[in-house]
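Per numbering that gives the first Met the number 0, the sequence shown starts with residue 0, numbered consecutively.
These are computed hints drawn from the structure, not numbers from a lab.
There's no promise every hint is true.
What the hints assert, rightly or not - Derived pair list, reagent style DSS-like, types lysine-lysine, alpha-carbon separation capped at 27 Å:
#1 592 / 618
#2 571 / 260
#3 79 / 106
#4 571 / 467
#5 571 / 592
#6 258 / 592
#7 467 / 676
#8 467 / 616
#9 676 / 258
#10 618 / 595
#11 260 / 216
#12 467 / 258
#13 216 / 79
#14 258 / 79
#15 571 / 595
#16 676 / 592
#17 676 / 616
#18 595 / 216
#19 595 / 260
#20 260 / 106
#21 260 / 676
This structure is a prediction, so every number in the text was calculated from the model and none was measured.
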Amino acid sequence: MTTLWQDLRYGLRLLLKTPGFTIIAILTLALGIGATSTVFSWINATLLTPVPGMPHPSQVVSIVSGARGDAESISYLDFKDLRDRNHSFSGMTAFGLWPVSLTGTGKPIRVWGTVVSANYFDVLGVRPQLGRGFLPSEDAAQNGAPVAVISYRLWQGHFGGNPSIVGTIVHINTHPFTIVGVTPPVFQGSYSGLRTELWMPVVMVPELDPTAEGMLKDRGSSFLDVDGRLLPGVDRLRAQGEMNSLAQEIAGQFPDSHKGKFQLTLYPLWRAPHGGNAFFSLLLPMLMALAGAVLLLACANIANLLLARSVSRQKEIAVRLSLGASRFRLVRQLLVENLIMALCGGVFALVVTLWTARRFMDLAPTSNLPVYVFVPVDRIVILATFLISILTCCLFGILPALRASALSPVGILKDESGGIAGGRRKAWLSNSLTVAQISLSLLLLVSAGLFIRSFRAQQNYDIGFNPKNVLLETYDLYPSGYSQAAGIAFDQQVLDRVRLLPGVQSASIANWTPLGFSSNSDSFLPEGYVPGPHEVVGAGINIVSPGYFATTEIPLLHGRDFALSDSAASQKVVIINDTLANRYWRNQDAVGKRLKIQGDWAAVVGIARTSEYYDLKEKPRPFIYLPLYQFYSSNVILHVRTANAPLASASAVTDAIHQLNTDLPVFDVSTLEARTKTASFVQHMAGTFVGAFGILALALAAVGIYGLIAYSTRQRTHEIGIRMALGAQPGDVMRLILGQGMWLTGIGIGIGVLASLGLARLMSSLLFGVSASDPLTYISVVILLALVALLATYLPARRAMRTDPMLALRHE
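Based on the provided sequences and hints, a complete structural model is requested.
Spelled out as structure tokens, the structure:
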């Protein structure tokens with residue numbers, strides 16, 4: 000322990016004597032460690048903690064309908080059968096997002112809730128901070144459990160932290176509910192990346208929305224996500240086998256409700272397809288790998304600096320060896336010095352992480368969903384940063400320490416000349432580290448280039464409508480007590496008022512926006528089409544008012560738009576996209592054909608161009624537009640196309656709505672353009688951070704090449720003097736030094752290209768509109784890296800060509 004303390008004091012004194020080297024080394028390490036610890040903090044907050052506040056998340060799996068890659072919800076009746084008949088789970092719970100209006104305690108507010116089975120908190124293992132969860136009896140009868148559990152955040156914010164909140168009656172969608180519990184502060188629901196504020200028994204769905212009354216009794220109404228906690232000794236694959244056997248039994252009992260194959264897939268919770276981890280499980284491990292490459296690059300840079308520094312310490316080390324110090328003692332001393340630098344770099348990295356970890360939400364896309372991820376820098380992140388620092392010390396410190404201690408004391412003490420790191424014949428280690436730096440830099444730059452080109456391709460992609468200059472404002476009339484007739488009249492009055500506002504070019508209403516996190520679909524039956532035995536005929540749907548196609552600038556290819564005359568009293572009509580028309584009425588005029596949807600036959604009056612609905616990578620899919628005044632929806636999104644910046648008109652549009660109803664909550668005020676950027680969220684986030692990693696890598700590579708060439712050139716001063724004395728010209732010296740640098744650069748680029756091709760194929764699923772082997776990206780990065788390496792080599796070469804032979808020959 001005494002010798003270790005001596006090593007620490009000696010190491011600190013040496014580092015303080017060389018402040019320039021120490022500062023550069025610590026800052027370089029701080030950048031490498033900080034990049035890694037930042038991404039780890041995000042992984043810790045999402046993949047390692049998919050449901051904050053839930054104990055033992057590895058025991059819980061997500062159960063979805065569909066094969067791997069698909070993610071369908073499950074009906075309430077199917078969930079009950081699966082829950083009651085399985086032998087693999089200690090408990091299964093169902094839940095579904097449900098936006099509601101909270102009234103009866105001041106001005107109405109809109110919050111996101113979750114309808115859940117009564118065992119929800121028991122299965123998750125979450126104990127309310129106040130009150131209780133739900134009782135088994137509160138799952139028994141439809142509409143028989145008007146109780147709610149609220150979030151800690153809602154309790155503190157809306158209810159002022161009232162200690163007597165349990166037992167308080169609030170009105171949810173105008174119906175009285177009794178608050179029976181408050182969740183812990185950290186718990187925000189079972190959807191990763193989303194924050195909900197209250198929980199209600201799923202049996203209360205008809206009370207929350209009368210139009211959803213049949214959902215609890217219809218096996219075709221799939222609106223619930225399901226999690227299950229595995230029994231001890233049961234693994235996920237075994238449980239999946241049992242669940243699929245049960246699914247086939249249920250499909251055999253109820254064939255009319257299971258036209259397609261009823262298949263279940265179980266996912267570990269960290270990559271559950273519902274919630275943000277569907278994105279994070281693909282993106283964050285890739286970012287972690289690239290941050291690791293930055294860390295390796297920083298380590299290579301520091302290792303090269305240490306090798307260069309070891310030359311100036313050769314006599315010190317030789318004296319210590321001559322006085323009897325063992326090689327192990329010297330290696331330990333050098334590693335302690337390196338550990339001091341690594342831990343200092345880790346401290347600075349932790350400071351960086353405290354800031355960057357909380358910047359995660361700055362990259363979150365605009366959405367009507369309650370997107371929120373809290374990224375704490377907790378003891379796990381602090382411990383990980385500490386361990387990364389120690390690992391970093393081992394990575395950059397061991398080889399230079401071994402090399403520095405492998406000296407011949409006799410030769411050094413006789414002042415025999417040596418090259419870098421103990422002789423040119425031993426310079427392979429420095430050269431290898433430089434090649435590694437160039438390779439890693441090229442890998443990071445290629446990755447950044449691919450993501451940036453992918454993001455630009457998405458921005459320039461024709462999505463089939465024009466999202467620019469469209470304002471969105473949402474309101475729901477049902478909680479305010481509007482009947483269907485009153486709601487239709489209100490919507491028409493809103494549109495009439497908004498269309499008269501200055502700068503408004505058009506206005507319309509829809510109940511859904513494309514390219515967000517949500518989907519909207521239904522089954523239908525085309526006239527004259529006979530489905531196969533297990534075929535499900537479905538399409539995406541959107542309920543829209545007249546003028547929607549003009550507002551969104553979706554071209555109508557044939558037929559007409561909806562009109563005010565398309566009312567409840569007239570023949571029901573629909574507009575379909577050309578993909579649906581070509582699939583079911585190929586080489587026929589689809590206008591005038593009929594299809595059955597939501598229990599009624601409707602005539603096709605128009606054909607719209609197919610656009611992008613759920614994902615930019617999706618294949619063209621059938622889509623149906625339903626007229627708002629025939630297929631009424633109380634929860635709607637007002638679309639307003641403006642001549643100028645849409646958000647500048649937001650207050651005027653909101654005032655127009657409140658002139659008709661002062662207490663009506665208007666929420667999710669944003670733009671259609673911002674909403675559609677959700678589709679490029681992954682590429683935007685990856686491009687931002689990988690681009691930053693790439694710039695950092697380029698700078699580190701340039702410094703590394705410059706440092707190696709500059710130091711090796713200085714060590715070759717005597718040789719260069721002899722060459723010039725024998726007739727070598729300055730240009731010959733320039734070519735000699737440039738050749739050394741560009742030879743290393745060429746090897747590094749070759750290795751980096753091969754590594755980049757392998758990595759790019761792994762992340763090809765995250766790219767859009769660009770190949771993983773895109774020639775333009777590779778050529779651009781190679782040219783950029785070569786130019787930077789040439790500049791970094793040119794500076795010491797220019798200094799070398801000015802060498803005075805007489806001075807050089809006296810150098811040693």
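Query raised in the report: Can you list which hints this structure breaks, lowest number first?
Result: Hints 2, 3, 4, 9, 12, 16, 20, 21 contradicted; others consistent.
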